[in-house]
Amino acid sequence: MSNIIKDIKRTILVVEDEIINQEILKEVLSVEYDVEIANNGIEGIQKLTTSIKPISLIILDINMPMMNGIEFLKRLNEKNIKRIPIIVITSETETELECLELGAIDFIKRPFELPQVMLARVARLIELFEDRLIIHASERDELTQVYNKNVFIEYVKMIEEYNPNDKMDLNVLLVENLHIIHELYGQDKADEVMKYIADELKKNVKAYGGIVGKLEDEYFLVFHKHVDNYDELVKHFEISLEKYGVSGINFKLGVYEIDDKKVSIDVRINRAKLTCNQVGKFGHNKHLAFTDISQNNSLLYEQLAYDFHNSLQNKEFVIYYQPKYNIENEPYISSAEALVRWIHPSRGMVSPKIFIPLFEERGFIRELDHYVWEEAIKHLAYLKENNMDIVPVSLNVSRIDLLDDSIVDILESFTKKYHVDNKYVYLEITESAYNSDSNHLVKIITTLKEKGFKIEIDDFGAGYSSLNALATIPFDVLKLDMLFVKEMYSNDKTLKIIELVSDIAKYLDVVLVAEGVETVEQLNQLKKFGYSVIQGYYFSKPLSKEDFMKLLGENKC
Amino acid sequence: MLTLDQLDSFGANTKTGVQRCANKEELYLRLVKMVPTNASFKALEESINHNDLDKAFQAAHALKGVLLSLELTPLTELVVEITDLLRNKTMMDYSNYLEKIETLRKKLEDICNN
Numbered sequence: 195m196s197n198i199i200k201d202i203k204r205t206i207l208v209v210e211d212e213i214i215n216q217e218i219l220k221e222v223l224s225v226e227y228d229v230e231i232a233n234n235g236i237e238g239i240q241k242l243t244t245s246i247k248p249i250s251l252i253i254l255d256i257n258m259p260m261m262n263g264i265e266f267l268k269r270l271n272e273k274n275i276k277r278i279p280i281i282v283i284t285s286e287t288e289t290e291l292e293c294l295e296l297g298a299i300d301f302i303k304r305p306f307e308l309p310q311v312m313l314a315r316v317a318r319l320i321e322l323f324e325d326r327l328i329i330h331a332s333e334r335d336e337l338t339q340v341y342n343k344n345v346f347i348e349y350v351k352m353i354e355e356y357n358p359n360d361k362m363d364l365n366v367l368l369v370e371n372l373h374i375i376h377e378l379y380g381q382d383k384a385d386e387v388m389k390y391i392a393d394e395l396k397k398n399v400k401a402y403g404g405i406v407g408k409l410e411d412e413y414f415l416v417f418h419k420h421v422d423n424y425d426e427l428v429k430h431f432e433i434s435l436e437k438y439g440v441s442g443i444n445f446k447l448g449v450y451e452i453d454d455k456k457v458s459i460d461v462r463i464n465r466a467k468l469t470c471n472q473v474g475k476f477g478h479n480k481h482l483a484f485t486d487i488s489q490n491n492s493l494l495y496e497q498l499a500y501d502f503h504n505s506l507q508n509k510e511f512v513i514y515y516q517p518k519y520n521i522e523n524e525p526y527i528s529s530a531e532a533l534v535r536w537i538h539p540s541r542g543m544v545s546p547k548i549f550i551p552l553f554e555e556r557g558f559i560r561e562l563d564h565y566v567w568e569e570a571i572k573h574l575a576y577l578k579e580n581n582m583d584i585v586p587v588s589l590n591v592s593r594i595d596l597l598d599d600s601i602v603d604i605l606e607s608f609t610k611k612y613h614v615d616n617k618y619v620y621l622e623i624t625e626s627a628y629n630s631d632s633n634h635l636v637k638i639i640t641t642l643k644e645k646g647f648k649i650e651i652d653d654f655g656a657g658y659s660s661l662n663a664l665a666t667i668p669f670d671v672l673k674l675d676m677l678f679v680k681e682m683y684s685n686d687k688t689l690k691i692i693e694l695v696s697d698i699a700k701y702l703d704v705v706l707v708a709e710g711v712e713t714v715e716q717l718n719q720l721k722k723f724g725y726s727v728i729q730g731y732y733f734s735k736p737l738s739k740e741d742f743m744k745l746l747g748e749n750k751c
Numbered sequence: 016m017l018t019l020d021q022l023d024s025f026g027a028n029t030k031t032g033v034q035r036c037a038n039k040e041e042l043y044l045r046l047v048k049m050v051p052t053n054a055s056f057k058a059l060e061e062s063i064n065h066n067d068l069d070k071a072f073q074a075a076h077a078l079k080g081v082l083l084s085l086e087l088t089p090l091t092e093l094v095v096e097i098t099d100l101l102r103n104k105t106m107m108d109y110s111n112y113l114e115k116i117e118t119l120r121k122k123l124e125d126i127c128n129n
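Protein chains in written order, with this note's numbering: chain Z, 195 to 751; chain W, 16 to 129.
With a Cα cut of at most 27 Å, we get these calculated DSSO-like pairs of lysine-lysine:
1) Z:Lys220 / W:Lys48
2) W:Lys39 / Z:Lys203
3) Z:Lys509 / Z:Lys343
4) Z:Lys303 / W:Lys57
5) W:Lys39 / Z:Lys220
6) W:Lys39 / Z:Lys303
7) W:Lys70 / Z:Lys303
8) W:Lys30 / Z:Lys303
9) W:Lys70 / Z:Lys268
10) Z:Lys480 / Z:Lys455
11) Z:Lys735 / Z:Lys578
12) W:Lys48 / Z:Lys303
Just so you know, these hints were derived from the structure itself, not from any lab.
Bound-form chain W, shown alone:
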């Protein structure tokens, strides 16, 4: 079963996250479990691969909102950076970012599935 301790060691700021969910730990954990399967991860990867930076930005931005809300800090930091790059339509190789994001997403998924 997923615990706050596990998320803390992942680097999340669970204290604020839980507060934001009206102090309901159970709601917070339930919402965190929904993150790894969030469609925006896939949309981000696919639109970058198709060089559709607009769509990629949309996906990154949506993802950012969710991650910020739940205080999943390490993932948030990466997504904030990539969102800013995409907003400015920076032409660059995003694969490094995608890889890092995917690693953390997988890590979170593993924790969630325990």
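Just chain Z, same shape as in the assembly:
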């Protein structure tokens, strides 16, 4: 209960004929409440109907002249006054059941318990009751009177907690063509259809011991015991819709069978909805199970896109570090590239080759990049704080990041926050970024360089040739695309180009990096050409934060 309503002084009605007991109750309760006294049931009813202040709780004696406690309870039921919790004072166990049946929620036995206990009990009951009223008012979808999404989720959690061994299905049902009803017959009719469907759904689902909620728009949520074959349930539901007699209304059901309860309910809902949207694409069924289609690629992408924000929040994106070795003399780790890995809760490690293009397409990539940047910079600070040698970290910057002027402020906000010198942060910018608005790009990169960040041209030589980019972008490091290294010996030309790039780097006086180096031959060749920094499996694969720190500890720079 929020503090605002906690601080209100509430009123308790004591219905009790014995003056001595009245006095005791009044004395005890008045510490925290206003107390109204009624000498019998009749007076009690009068007080309830005439009291200006709302009564928060009634303490009721059973044996009273004029109108006793039982009569009083019956009268309240007739009058439909059920919104006030009632505690009955009793020393007669045989009346307790009757009182409970008539709506009492608790008892105080004679002799009264100690004042603190009584006060605590009263406070708790008022709180529970008021919470219940608030919940009741806000837990349902206004139109259809089924649970709203949040409450639905709470109930799912509760049901699973109490029935941990039951296999359950969480499904999403979409009402189709409602917009047609809306256009033909108007809003009221469309509302009526939704209400009807909600009621029918409740009836149908009840048979399976389940609950119904509302997701959004025309989507309903359903949770019930696992059903092996949905044909019957769906047929049943079809018949109820036909009975209603509005043609054109249709529905789709996406079924998510819960095999792993660790999958969050949000994710399950998303998957069921995803599946629901795919109904019809795989035949003429009105229902489809997640497992039937999860192998499908497009669905995988949809699922990954759905899972992105949850995963980001749950820190399922993990930063790996691939060391870069300086090979001019005895090799040592001179920096590392921060690479993002997605440890997906149900799919395990998801390849960046899959999710990076997807997130670029869906517009999530900036969010992910920012997350990676902050985590990597935070890690630099961690190393510093623990008196470890720190080496610069390279961060990948997507093309889209560079379209936005705020990139400078964002990066600086991280380095300031973690007290890391900008010179430890290398920004790997793909050459292809240059293809967009180059003036703007050059301006931003120049600013970043002025702020002390190091600029690294990534994947040089891949895609379009852009020597022009080298001429206009101020940069510190040139990184050869890994394809050249891979195909180093496939023909003479490749080798020549690798050498040529080395000359360019020397000429421009920038550090030259080769990545994708796996063999000692590659290494020696590159060293001969004057490549000073090497990244690749020959030295090390990308490492977890912990393993990277271990390796760094042994580093002799």
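For this one, chain Z is given, so just place chain W on it according to the hints.
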């Protein structure tokens, strides 16, 4: 003036009684003083004399509540017993009980009036 000591020697559990009255000794003593004149004593006696066991039970029950609250133990014990008998509508001679109750009521009244 009525004191807790006097009530203790009467057999009352004044410690709990006072606690129940929100730890207010003065309130406790004031309420105890109201007991001897409580109408239920008279109602109990009269309804037994009229053989109205229902009404007698009501009176005994009400009395029991008060006595329990104030921890007036010797009187409480008697009233609890008679309440149970009356609840079961036991046909018997209650005069012995009434006498004992009256003796203790009088004793309490004397202490209160000092």
